[in-house]
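Participant: Single-letter residue listing:
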Amino acid sequence: MSTFLTATGLVLLAFFWQITLSGIQRKVTARIHRRVGSPWYQNFIDLFKTWSKSSISHGFIYDFGVLMALGGTIATLIFIPAGHIVVFDKLDNFFVITYLLAVGSLGMAMSAVGSGNPWASIGVMRALTQMLAYEIPYIMAVFAIIYANKTASIHAIALAQQGMGILGWNMFRMPLGVIVGFISLMGMLGKKPYDAPIAPAEIASGPLVEYGGKHLGMLMLQHEFATFVEVGLFVNLFLGGGTLLAFLIKYFIVYILATMIASVVARFKIDQLVVFYYKVPLALAFIQTAIVIFTGLG
Amino acid sequence: MALENEKFNEDKINEIDVNELDCRDTLTFWEKFGNIFRSKSIWMLHYCTGCGAMELPPTMTSRFDMERIGMAPMATPRQADVLLITGYLSVKTLRRIIYTYEQMQNPKYVVGFGSCTLNGGVYYDSYAVISRLDYYLPVDLYIAGCMPRPEAVMSGFKKLMNMIKKGEALGWKRYQKYYDWYKKNQVRALGEVYVKDEFHE
Chain A
30 MSTFLTATGL VLLAFFWQIT LSGIQRKVTA RIHRRVGSPW YQNFIDLFKT
80 WSKSSISHGF IYDFGVLMAL GGTIATLIFI PAGHIVVFDK LDNFFVITYL
130 LAVGSLGMAM SAVGSGNPWA SIGVMRALTQ MLAYEIPYIM AVFAIIYANK
180 TASIHAIALA QQGMGILGWN MFRMPLGVIV GFISLMGMLG KKPYDAPIAP
230 AEIASGPLVE YGGKHLGMLM LQHEFATFVE VGLFVNLFLG GGTLLAFLIK
280 YFIVYILATM IASVVARFKI DQLVVFYYKV PLALAFIQTA IVIFTGLG
Chain B
547 MALENEKFNE DKINEIDVNE LDCRDTLTFW EKFGNIFRSK SIWMLHYCTG
597 CGAMELPPTM TSRFDMERIG MAPMATPRQA DVLLITGYLS VKTLRRIIYT
647 YEQMQNPKYV VGFGSCTLNG GVYYDSYAVI SRLDYYLPVD LYIAGCMPRP
697 EAVMSGFKKL MNMIKKGEAL GWKRYQKYYD WYKKNQVRAL GEVYVKDEFH
747 E
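Chains as they are written, first to last, in the working numbering: chain A, 30 to 327; chain B, 547 to 747.
Bear in mind the hints are in silico, worked out from the structure with no lab data behind them. Just to be clear, a hint being listed does not mean it is correct.
Beyond 10 Å from chain A on every Cβ pair, some chain B residues (computed) [to be verified]: (1) His592; (2) Ser608; (3) Ser636; (4) Thr646; (5) Val668; (6) Asn708; (7) Tyr721; (8) Gln732.
Derived pair list, reagent style EDC-like, types lysine to aspartate or glutamate, alpha-carbon separation capped at 20 Å [what the hints assert, rightly or not]: (9) Lys243(A) x Glu253(A); (10) Lys704(B) x Glu714(B); (11) Lys243(A) x Glu648(B); (12) Lys719(B) x Glu648(B); (13) Lys243(A) x Glu577(B); (14) Lys56(A) x Asp611(B); (15) Lys308(A) x Asp118(A); (16) Lys220(A) x Glu231(A).
Yeah, the Cβ is synthetic: ideal placement off N, Cα and C, and Gly gets one too.
The whole structure should be built from the sequences, with the hints applied where relevant.
Facilitator: Right under this line is the structure:
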C-alpha cells in the first residue's frame, strides 16, 4: 500500500514539477530571444485545452499506441529515485529503466506509423536513428560508472556519490563522462541541435503530425514524463541525487542549461547528427571508460 | 448574353446573413470550463494564403510577441485551433482551405484578415478570387485593414479570446448545423469538393 502511495506521489510530483518547468523553459527561451514570453502556467493550460477538444481515430493501433506510450513512460517514471523518494528500493536498476523507456518510444512509433501519414513515418525513422546514435555513447559512459561502483542500481550509485561533498559527484570524478552524458541528454530530450525528428517547419512535427485533441494531449504528457525520466537519470548518475530538494534544484539547473543551449543553436541534419555522435561523444566515452578500467581513477 | 445572365442568376448564392443564423444553444458546465482554457491557449495554423502573412512575423517575434497571450504557431491542421485566412483567397486556395478546415478538430475558429476576405478588396471583380469568405467557411472574426498592422492583429486576437471565453465564437457549430448551405456554395465555386484519402483507397 505504501509503495502504491509513493508511486502516485512520484507521478504527481513529476506532473506538477516538469510541466511547471516546461513553462519556465518557454519563458527562458523567450527572454533569450528578447521577448516577454508566456506565463509559467501556460503548459498546464495547453494540456487541459487539448483534453477538452474533440479527437479522431485512425484505427486501433493509433489509439493503442498512444496509451502504450503514456503507460510505458509512467511505468518507467516510478523506477526513478527522486531524492529520497525511492518506490522500488533495490529494483531501480539502470537496465530496467533503459528497457522500459523503449516501451514508450516504441508505442509512440507504432501509433504514429498507424496514422498512415508519410511525415509521421519519416519522423519515426529519424527518431529511431537518433536513438541509435545517442544511446551507444551514453551506455558507454554509464558502463564506466557501473564498473566503478560495482552496481547498476541508480539509488546505490546516487548514494555512493554523497560521501565526499561536491567532489564525490561523478561529474568531477569522470569529467569526460559527464560531457558525453550531457550531449546524449540533449539528444534524448530532442532539444534544438538534435530536434531533427520533430522539425516543425521541415516535416510538420514528424511523429505528431496526425495527432489532434486528446491524443496530442496524452503524447504531450508522455513527453513531459519522459523528460523527467531522462533528466532525473542524469541527475542521479552524474550529480549525485541528494535529498528531494537538492534533486529538484539540480534538475532545474540541468534542464534550464539544456534549454539555454537549445535556444541559441540551429538544427543538425540526421546524418550529421549520427556522424557527430559516433565521432566526438563515442571517442570521449571510450577514453573515459579506458581510464576507469585501466587506472582505477573515478 | 441574356441567356448567360439568366443562367448566372439561376445558380446565384442564396444570400442569407450568416450572423443571424441561429446556432446558440445552452453551454454545459464542462463547455464553459473548457472555454476558459481554450481562450488562453490558441494554436494557430502556420498556413498563410495571402499578403497578410507578412504581418505575422513581426506579430510572432520579439516586437509584439504573441506568445505572451498564449498563442503559438502549429505545424499541422490537426493540432491547430485557429485558421488564419491572411488576405485574398484565390479559388484554387479555397479548395485547400476547405480541406484544411475540415481536418481541424472541434472547437475550431476562423479569422479573416483584411478587406479581401470581407468583400474582395481590390480583387472584387477578379475571376480567380472569391470575394466573401463567409459564404464558404464560418468566420468568427474579421480584422479590417489592407493589411491590418500587427497592433490590429493583436487586438483582434484579444477580441477572439474574449469571444471564446464568453462562448460567442460558434462558427464551428454553425458549420455543422448549416453544412448543406456552405457545401452548396463551395460546390458552386469549385465544381466539386471531396477529400481525397490516398492512404485508405
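Participant: So which hints don't hold here, by number, going up?
Facilitator: 1, 2, 15
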